[in-house]
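K.L.:
Spelled out from the first residue to the last, the chains are:
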Amino acid sequence: MTDHGRGGATGKRNGPRGGLSVEDLAVGYRGTAVLHGLTARAEPGELTVLLGPNGAGKSTLLRTLAGLQRPLTGTIRLGDADLLAMPAADRAVQLAVVLTDRVDPGLLTGRELVALGRHPHTGARGRLRPADEAAIEAAVRAVGAGHLAARRVAELSDGERQRILTARALAQDPALLLLDEPSAFLDVSSRVALLGLLRTLARDRGIAVVVSTHDLELVLRLADHVWLVDPAGGLCSGPPEELVADGAVAAVFDTAGLAFDPVTGTFAVADDTDRRAVVVAGQPHRALIGRVLARHGWSATVDGPAEAEIEHLGGSRFTVRHRGRSAFVDGWSALRSWAAQPPTPATRLSAGTPT
Amino acid sequence: MILRRAGLFTVLGAVAVALLVLAVALGPVSVPLPDTIAVLVGGEPSDPRWAVVVGSVRLARAVTAVLAGAALGVAGLLMQTLFRNPLADPYILGVSSGASLGVALFLATTTAAAFGATFGAGLVGLGRLGAVGAAAAGAGLVLAVVLTLSRWVRSSVTLLIVGIMVGAVTSAVVSLVLVWTDPRIAQQYVVWGLGSFDATSMRDLPILAPVVAAGLLLAVLLVKPLNALLLGDGYATSMGVAVDRTRLLTMVAAALLAGGVTAFCGPVAFIGIAIPHLARLLVGTSDHRVLVPATALVGVVTALVCAVAGHPPGTETVVPLNVMTSLVGAPVVIAVLLRARRTGVVT
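Protein sequence lines, in the order shown, are assigned to chains Z and Y.
If you read the first sequence in full-length UniProt numbering, its first letter stands for residue 1, the second for the next number, and so on.
If you read the second sequence in full-length UniProt numbering, its first letter stands for residue 1, the second for the next number, and so on.
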């Protein structure tokens with residue numbers, strides 16, 4: 001980022017911005033560790049995602065990193081500086097947060113809320129100097145919230161509010177940006193947009209960005225680095241691909257009825273059926289037919305022994321070969337009705353073979 | 001926006017000055033306006049009696065209204081921000097119930113002891129100073145309890161509940177004291193509870209004014225952390241605000257403002273809770289750098305209106321202060337809020 005807003009804003013900091021490193025960290029409440037033995041790094045310029053199921057302790061870890069609660073043991077460093085030993089006012093210049101706390105800012109406009117991010121940089125009366133104004137402007141522009149700046153925050157949608165809160169954190173001009181479940185209340189497209197935005201910000205500003213989420217599918221596509229909370233209360237970190245390949249993701253997220261599919265990067269209802277159907281179709285129809293089948297206890301294959309075969313004829317018309325008979329199926333709901341038929345014992349081990 | 005606000009402050013200031021003159025001029029005996037102004041700026045009125053009326057009675061009343069309006073408005077704003085609760089008021093921490101307890105105990109002990117001598121004189125003269133002291137002591141005691149408890153309470157909501165509970169206990173003790181005393185004393189207590197700007201004399205102002213000034217100064221010094229607190233404790237901490245210290249200082253400021261006024265004027269209802277809302281609507285922002293002075297000014301104007309209207313000119317009638325503030329003020333606030341809802345601005 002080269003705009004002039006940063007010139008004045010970075011004046012307080014010397015040298016290059018270092019990444020975040022935690023070592024042998026234990027976090028929790030009242031002496032009870034929620035997570036322990038955490039050792040990980042978040043590099044500047046990268047989007048690091050803290051991933052784990054709900055209730056795994058992600059918020060506790062982020063709040064600890066943000067200095068909102070003390071760790072039980074361990075060290076947290078940003079570059080060469082010990083974040084835990086740093087006075088709150090100094091830390092505020094180094095790191096900024098977007099929390100899950102409900103924000104009820106009364107009559108503040110978007111821009112006024114973003115301006116609060118300049119708090120650690122302004123004097124005792126909170127007067128904004130031109131450098132502050134420029135930093136606010138740059139932050140609002142960076143998150144694409146120019147059209148929200150003049151509106152009252154109370155009137156914004158969840159997604160818009162999240163943008164403004166992110167801009168506020170950026171206006172604080174941190175070396176480390178921490179976001180706790182920023183996409184929790186967003187619809188799917190806003191989630192993708194927000195995470196993509198965060199990755200761009202990490203790149204453009206050269207800052208370390210750590211985001212917590214339980215949204216695995218999104219993370220695998222957008223994260224540079226993943227901290228995965230494992231069931232034992234530890235952390236394994238690495239590129240998302242590595243964590244998927246060595247089975248760490250499956251170990252955390254798989255449940256009795258649900259399995260992570262590394263190929264599609266999505267969850268599938270665990271395969272507990274022997275009803276197999278061959279699907280003959282081009283994409284995206286093959287995937288869509290696969291979903292219809294999966295909902296009703298079928299697994300779709302491209303070849304091999306199967307009870308039935310479904311061929312896509314074009315449009316939303318299909319041919320179904322099953323129990324030695326061939327039938328024409330017109331429309332997705334008809335296909336769904338067919339798939340929903342209960343299996344009959346006689347046909348469980350079908351002789352139906354693919355062509 | 002900046003220009004609009006500058007204009008708004010100018011208008012509010014002008015209205016406040018005009019109302020101050022009116023509050024001094026009007027009363028059972030109305031002083032002609034030119035004479036009022038003459039006395040106020042230190043000149044010679046046409047009739048020396050006016051100097052006495054203005055100097056000994058009216059001016060003290062008007063200045064008290066100014067101080068009380070600004071103090072209660074700002075104290076209410078501080079509490080609403082601190083507790084992030086639009087229903088918070090200066091008495092939320094138990095100031096008024098503490099003061100009430102002080103006054104009730106004072107009346108029950110001293111007045112009962114020397115019944116014939118001081119009764120009737122009521123809360124004037126020596127008895128009055130004692131009541132002021134008792135109210136201040138009671139308010140201070142309850143606040144000390146709440147502030148002490150606040151050291152162990154991290155959540156603002158819990159602290160709010162603690163304040164209300166302490167207030168409830170105190171009020172219960174007040175009721176007990178009143179039940180056990182002479183009904184005539186209870187009557188005096190009720191009169192004190194109606195609030196008044198009238199009882200303050202010029203001798204009281206050197207105490208009241210510095211206390212209020214100290215509270216207002218503290219509030220002004222706190223505008224920056226208070227703005228950060230608009231986003232909640234977590235965000236404020238992450239921006240380098242020492243939340244615990246800010247909370248303590250904010251409560252001390254509110255205690256000085258509300259405690260000082262309550263000791264001299266009794267518990268004044270309504271101004272503290274309503275004025276911050278009116279001020280927010282007028283300036284259209286929650287930014288304390290604008291809101292604190294705006295709230296103080298709107299509070300001054302409102303209190304002066306109540307002071308003038310409480311003494312209908314040319315009559316001996318006195319409408320109790322709390323009757324004025326609530327009866328006239330509440331409908332005004334409701335009307336303003338409804339109007340603001342229609343235009344899309346809601347506090």
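Don't read these hints as lab results, they were simulated from the structure.
Note that CB positions come from ideal geometry on N, CA and C, so glycine has one too.
Please note that a few of the clues may not be correct.
[Unchecked claim] A partial selection of chain Y residues facing chain Z, derived with a Cβ cut-off under 8 Å:
hint	residue
1	Leu33
2	Ile37
3	Thr237
4	Ser238
5	Ser286
[To be verified] Per the computed footprint, the stretches of chain Y lying under chain Z, defined by three or more beta-carbons under 8 Å from a beta-carbon of chain Z, are:
hint	region
6	131-140
7	217-229
8	277-285
K.L.:
Against this structure, judge whether each hint is valid.
P.N.:
For each hint, the structure was consulted:
1. Leu33: 38 Å, violated
2. Ile37: With a closest approach of 35 Å, the Ile37/Y hint is violated.
3. Thr237: Thr237/Y check passes; min Cβ-Cβ to chain Z is 6 Å, inside 8 Å.
4. Ser238: It holds, given that the least Cβ distance between Ser238/Y and chain Z is near 5 Å, below 8 Å.
5. Ser286: 4 Å, holds
6. 131-140: Not satisfied, violated; 0 residues make the cut.
7. 217-229: It holds, with 5 qualifying residues against the three required.
8. 277-285: holds (count 3)
Checked against the numbered hints given earlier, this structure breaks hints 1, 2, 6; the rest are met.
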